[in-house]
Each structure stands twice: as C-alpha cells, then as structure tokens.
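A.B. asks: Each chain, written out:
Protein chains: 2
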Amino acid sequence: MRYIGIVSYDGTNFVGWQIQPNGRSVQEEIEKVISQILNTPTRIHGSGRTDAGVHAIAQVFHFDVESSIVDLNKFRYSVNRLLPNDIHVKAFSIVEDNFHARYDVVDKTYLYTLNMGEYDIFNRHIITQFMRPLDVNKIKECAQLFIGKHNFKNFTTKEEDKNDFERTIFEFNVDQVDEGLVFQITGSGFMRYMVRLIVGTLVEVGLGKLDKEDIEDLLTREDRSVTPYKAPPEGLFLAHVGYGDHEDA
Amino acid sequence: MRYIGIVSYDGTNFVGWQIQPNGRSVQEEIEKVISQILNTPTRIHGSGRTDAGVHAIAQVFHFDVESSIVDLNKFRYSVNRLLPNDIHVKAFSIVEDNFHARYDVVDKTYLYTLNMGEYDIFNRHIITQFMRPLDVNKIKECAQLFIGKHNFKNFTTKEEDKNDFERTIFEFNVDQVDEGLVFQITGSGFMRYMVRLIVGTLVEVGLGKLDKEDIEDLLTREDRSVTPYKAPPEGLFLAHVGYGDHEDA
Numbered sequence: 050m051r052y053i054g055i056v057s058y059d060g061t062n063f064v065g066w067q068i069q070p071n072g073r074s075v076q077e078e079i080e081k082v083i084s085q086i087l088n089t090p091t092r093i094h095g096s097g098r099t100d101a102g103v104h105a106i107a108q109v110f111h112f113d114v115e116s117s118i119v120d121l122n123k124f125r126y127s128v129n130r131l132l133p134n135d136i137h138v139k140a141f142s143i144v145e146d147n148f149h150a151r152y153d154v155v156d157k158t159y160l161y162t163l164n165m166g167e168y169d170i171f172n173r174h175i176i177t178q179f180m181r182p183l184d185v186n187k188i189k190e191c192a193q194l195f196i197g198k199h200n201f202k203n204f205t206t207k208e209e210d211k212n213d214f215e216r217t218i219f220e221f222n223v224d225q226v227d228e229g230l231v232f233q234i235t236g237s238g239f240m241r242y243m244v245r246l247i248v249g250t251l252v253e254v255g256l257g258k259l260d261k262e263d264i265e266d267l268l269t270r271e272d273r274s275v276t277p278y279k280a281p282p283e284g285l286f287l288a289h290v291g292y293g294d295h296e297d298a
Numbered sequence: 050m051r052y053i054g055i056v057s058y059d060g061t062n063f064v065g066w067q068i069q070p071n072g073r074s075v076q077e078e079i080e081k082v083i084s085q086i087l088n089t090p091t092r093i094h095g096s097g098r099t100d101a102g103v104h105a106i107a108q109v110f111h112f113d114v115e116s117s118i119v120d121l122n123k124f125r126y127s128v129n130r131l132l133p134n135d136i137h138v139k140a141f142s143i144v145e146d147n148f149h150a151r152y153d154v155v156d157k158t159y160l161y162t163l164n165m166g167e168y169d170i171f172n173r174h175i176i177t178q179f180m181r182p183l184d185v186n187k188i189k190e191c192a193q194l195f196i197g198k199h200n201f202k203n204f205t206t207k208e209e210d211k212n213d214f215e216r217t218i219f220e221f222n223v224d225q226v227d228e229g230l231v232f233q234i235t236g237s238g239f240m241r242y243m244v245r246l247i248v249g250t251l252v253e254v255g256l257g258k259l260d261k262e263d264i265e266d267l268l269t270r271e272d273r274s275v276t277p278y279k280a281p282p283e284g285l286f287l288a289h290v291g292y293g294d295h296e297d298a
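Protein chains in written order, with our numbering: chain E, 50 to 298; chain F, 50 to 298.
Please note: incorrect hints may appear among the correct ones.
Residues of chain F placed beyond 10 Å of chain E at every Cβ, according to the derived structure [what the hints assert, rightly or not]:
| hint | residue |
| --- | --- |
| 1 | TYR58 |
| 2 | GLN69 |
| 3 | LYS81 |
| 4 | ASP135 |
| 5 | ILE143 |
| 6 | GLU145 |
| 7 | VAL155 |
| 8 | ILE170 |
| 9 | LYS187 |
| 10 | LYS211 |
| 11 | THR217 |
| 12 | PHE221 |
| 13 | ASP227 |
| 14 | ASP263 |
| 15 | PRO282 |
Quick partial rundown of chain F residues pointing at chain E, CB under 8 Å, derived from the structure [to be verified]:
| hint | residue |
| --- | --- |
| 16 | ASP59 |
| 17 | ASN134 |
| 18 | HIS137 |
| 19 | TYR168 |
| 20 | PHE171 |
| 21 | ARG173 |
Quick caveat, the hints were computed from the structure, so don't treat them as lab data.
Just so you know, even glycine gets a beta-carbon here, dropped at the ideal spot from N, CA and C.
The whole structure should be built from the sequences, with the hints applied where relevant.
C.D. replies: Encoded structure:
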C-alpha cells in the first residue's frame, strides 16, 4: 500500500530535506522513525528537495508499506512522538499505488518573508532580518514580469545543468504586512535556489540598484548569466505542493 | 553618568539573566560587549532575574560610565552588532544618578502564552505547546482571585526564604486568541517561579483538576504548601518594567 505524509519542519538545524553523507537531514529523520515503527527499512520519496535552512509548512512525501497501516491517526501520533521537535507530520493518508510525490507535482507554492523594520528577535529563524526600507511598489511591479512561462536559466545555480530551464509561474503576489514583506509564488516547478534568486533580485530592485529592464534581460538573454543576488534561506517556506489540475493550467 | 538599556532576548539558549559560574547568561553577554566598547570593565544591574529559558521583550538594566556617551544611537548600533543574535538592545538613555533599575521598580508585567491546538512548530520556542483543550472560562474566573495584595508564599520555590511574601497583583487578564491562551499579569513584584506557578496552577483549573477553593486555600492557608504545578519556561516573557507611579497605586 502507498501512503503520503504531509510534514512541516523548521529547517534551521537541517542540511536540507535530502539525505547527505554528513549532517542532519529531514528525510533521514523521518525514514528512521517510520522504519522503526513499521519495523522494516522504509524509504520515503519527497516532492523535491529543500535546501539547508529552508522550512516547510507542508512538504509531501510518499512511501510504501507491505501490509496496510490499521489506524493512521495512531500511526501519526507515534511518528510525531518519536520525531525531533523541529519536524511535525500534519497528516498521513492512503493514495493510489501509482501516485508519485515528485513526478505528479502540478504546482508548488513558496512563501518568503523579510522584515524591513527593527530587528525581530523572536522570528529571526523564519523571517529574514533585512532591516532597511525597500521600494515596495517597484518590487510589486517587477514581480509581475516573472509571471508566465520563462526560461529561468539565470535564476538557478550555475551548477544546474538541465535540458529544460523553462518553468511557468502561475501566481506571484507581494504584500506588505506592517514592516514585513511577504512574497508568495506559485509555479509549475522550481529549480535549485530559484525562489531565493528571484527574491534576492527583487530586493535589489527595491533598493533601486536594478530595474525592470535588468529583470527582462535576465529572463530573455541568450547566454547564461546567473543573477548573483541570493536571498538567505531562513525566510523561505515550501508552503504547498499541488497535485490536482492547476486552475490556470 | 548613569544610563539605562532596554533589552529583548530569546531566553532559549541562556541559563537566565544572571551571571552564573557555568553557562551562557544574558547579563554576561551584555557586560562583555559594553565593557569592550567602553574599553573598561562595566557592570550592569538588571531590574531582576529571569530564569533559564525565559524571554524578555523589555528587560531594563542600568550601568555607570566614567565620562558620557556622545552618540547613544551609534553606541546602540555598535552594541547590537557585537551582541549575539538572541539579544537585542532596543534603546539606551541617560537617567538620574540615583536611578536604580532594581530598587526603583514600581511594577512588572509578564506575558505567558500556551497553545491549546495542534503543534505549532515555528513558535515552539516562545509558546508552550500544551496541545489540549482547557476550560478557559474557569481559568479566567480563577485568575481574578490573584488580583490584589496576597501572601504568595505558596507560589514561589520552597527555597525562597524571604521576610515578606506579600505582593500585589494590579492586573491579570487571560485572553484566548485562536487556540492560544495569553496570560498578562502586572504586579508590584514577582518572586522566583511565581508567574509559572500561578499559570501552572490555573492550567490545572482549566483541566478540571483544581477549583476556586484550591486557589483560595493556596492564597490564604497559614502553613507553607507550595503548589507543585509549574508551567514550562518557554511561554514566559518579561514584557514591561514600570518605574513611574503605578496608576492604581
């Protein structure tokens, strides 16, 4: 039987989602606990990676179980009891045998928050402490340039060597809440560092150091010229992974 | 010249405010930085201690400087740059030479928040994750019993051996915000563990394990019989230290 888990984690003290030779990964912690409870080595398959320091409100993973899990609520309770306190499974449910947490993704939504005001000590792990004013209207205006299908080769790490850098951004909202600036971006998929490079570049727009033409150039130029502005990880959340048909698709 | 500082700190990784032989104290971190900048060993005097794991939104301390500090904004900027990221000085200002951060306190306000809902992973360091429902009306009703002048010998650690256990509670509000329960208590002074023992005892009321008569008994009985219900430190904040005449005084 195939199951999915929906999990939130505070990425502060992780090397990221994916198991790595050294360091504490979210995937490894969850696999350890599920394997222990099911009494058999169990691999989990996430919807995709998140980088070191990046959080998730609702990451999705699937895994297979030989027989079925009788009581999913009890199972979830046991899993959460054994997990460290910076990982929390919000739900488990059964899915079709051919469901795949990664290949079936239709869209993903990320949130990024930065604080333009005085240092916010109690949220420093989840809100980037930028602490300078930004031209929010300019940022909002330029954020619209990312909407639609674009070649994002200049908004991912140079090491990313894909055949296809095209991704579609379905929605991109930037909202000011008090002195916080919240970026909410939904797209068909996101390559490594893509959200942080988009946000970092828009921050430069807000500082008056880049403008509309620079963004358009980065999105359309022929050669590879990755933007050097990467926003730090602590403000970034994987907020939602969509598997249904996207409403705009 | 005498100065005061108003400081916030995330108490999670501190042994408390006061310098101790082992462990990281807020006082020591601040003294280290101020002494370094002023280039002379400088002692700071807090309004009182906070325990391990307890936070402050606005703790107050005073310190003396041989000459005067020319630019307090620049001074604050330098101090914050050198302080670790879980301590942040919100303001410095000059005071009368006879002002004393501890002896001149007129009232203190503490906040305590607990979460009755699903585990809140991103606020686990500042909100106690109680995760069970409570009878909020009963808690509100019994909170009123603490208002006024009482002998709080049963709401402080047994090791506390004072001549005078009398303290006055000026205000005590309990408010539910979504699934959070927020206790805001203002009093003439608080002995060690006093807020956490009051909150912990009220939680038992909310669970139906104690009632009005138990609280009244604890507040009036002749013998020492300290309540055993101590709420954990992570939900507790020193929110305000008052030095003016209390409006109810």
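A.B. asks: Would you mind marking each hint as holding or not holding in the structure?
C.D. replies: Each hint tested on the structure:
no.	hint	in the structure
1	TYR58	violated (7 Å)
2	GLN69	holds (22 Å)
3	LYS81	holds (18 Å)
4	ASP135	violated (7 Å)
5	ILE143	holds (21 Å)
6	GLU145	holds (27 Å)
7	VAL155	holds (26 Å)
8	ILE170	violated (5 Å)
9	LYS187	holds (27 Å)
10	LYS211	holds (32 Å)
11	THR217	holds (29 Å)
12	PHE221	holds (23 Å)
13	ASP227	holds (16 Å)
14	ASP263	holds (31 Å)
15	PRO282	holds (14 Å)
16	ASP59	holds (6 Å)
17	ASN134	holds (6 Å)
18	HIS137	holds (5 Å)
19	TYR168	holds (5 Å)
20	PHE171	holds (5 Å)
21	ARG173	holds (6 Å)
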